[in-house]
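Chain order of the listed sequences is H and L.
Just so we're aligned, residue 19 is where the first sequence starts under the working numbering, counting upward by one.
Just so we're aligned, residue 108 is where the second sequence starts under the working numbering, counting upward by one.
Since the hints were made in silico from the structure, they are not lab data.
Hints may contain errors.
Residues from chain H shown here face chain L by an in silico Cβ test under 8 Å; the list is partial [what the hints assert, rightly or not]:
id	residue
1	Q119
2	D151
3	S166
4	R168
We treat Cβ as the ideally placed atom computed from N, Cα and C, and that holds for glycine.
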Amino acid sequence: MISADRPRRSSESSTDRFACGAARWPTSTIRSLRGRLPWCAVLRLRRDLLDAVLAHARADHPDEACGILAGPVGSDTPHRHVPMTNAERSPTFYRFDPSEQLRVWREMDDRDEVPLVIYHSHTATEPYPSRTDIALASDPEAHYLLVSTRSAAEEVRCYRVVDGAVEEETVVVLDGDR
Amino acid sequence: MPIEVRIPTILRPYTGGEKVVAGAGDTIAALLDDLDSRHPGLKDRLVDDGALRRFVNVYLNDEDVRFLGGVDTALADGDTVTVLPAVAGG
């Protein structure tokens, strides 16, 4: 994690090192800024989890697919893919099935997990939050991951949505053992 | 016995950060009135014009109250009510 007391030397290697000299700032400041400043915001995502999301989106196309990536409380790295039923079964809208949502949320509680990533697909447009996405985003602590199935290309982007403000995050895909 | 009400993160500012609060009432509507007397503003986030807001899920034990009686759903001592914001978008 970030050292509160000293700057990191450039020779130190750490996957958690922030760019832009942010490591010179007090930890509390970085925590409060994290997720608000695009250059401080990163989602680290295992390749197999991303592949599972992309496969789900392709399978449900032309309807929007949705789901979560759960991770341990206190961590910021998801470890479990949970595809959810889009109760709307629509190419332009999604909503988690409410009964399934309760069951999955309880399961996460039992496992000491939180929904670190909430994902859905756009089927005809770029993976950028729509006005509806922004208006209905209810978890300021979640990474909102969007994928597009409008073409064969792999299009993945990630955002925080806090009080109607959208901040894009960098997606770092962790391949293999990294 | 009171009714246990589970509050989602986004609404915990209304409950002083508490994840679970206790309330009383014969129906969901009465329960929400009771909660609002101690946690002002909470009810307004859940109901609009007397009906549950569209993007809020309220469950009585394991059931979505939309499939029961909405805000008129009857409650009994020992019930658990869970509130979850809908996860939705376009």
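To see whether the hints hold, each was checked on the structure:
For Q119(H), the suggested interface contact is upheld, since its CB lies about 6 Å from the closest CB of chain L, less than 8 Å. A least Cβ separation of about 4 Å between D151(H) and chain L falls short of the 8 Å threshold, and the interface hint therefore holds. Annotation: S166(H) was flagged as interfacial toward chain L, and the flag is violated, the nearest CB pair being 13 Å apart, outside 8 Å. The interface hint given for R168(H) is broken, as the beta carbon of that residue sits about 15 Å from the closest beta carbon of chain L, more than 8 Å.
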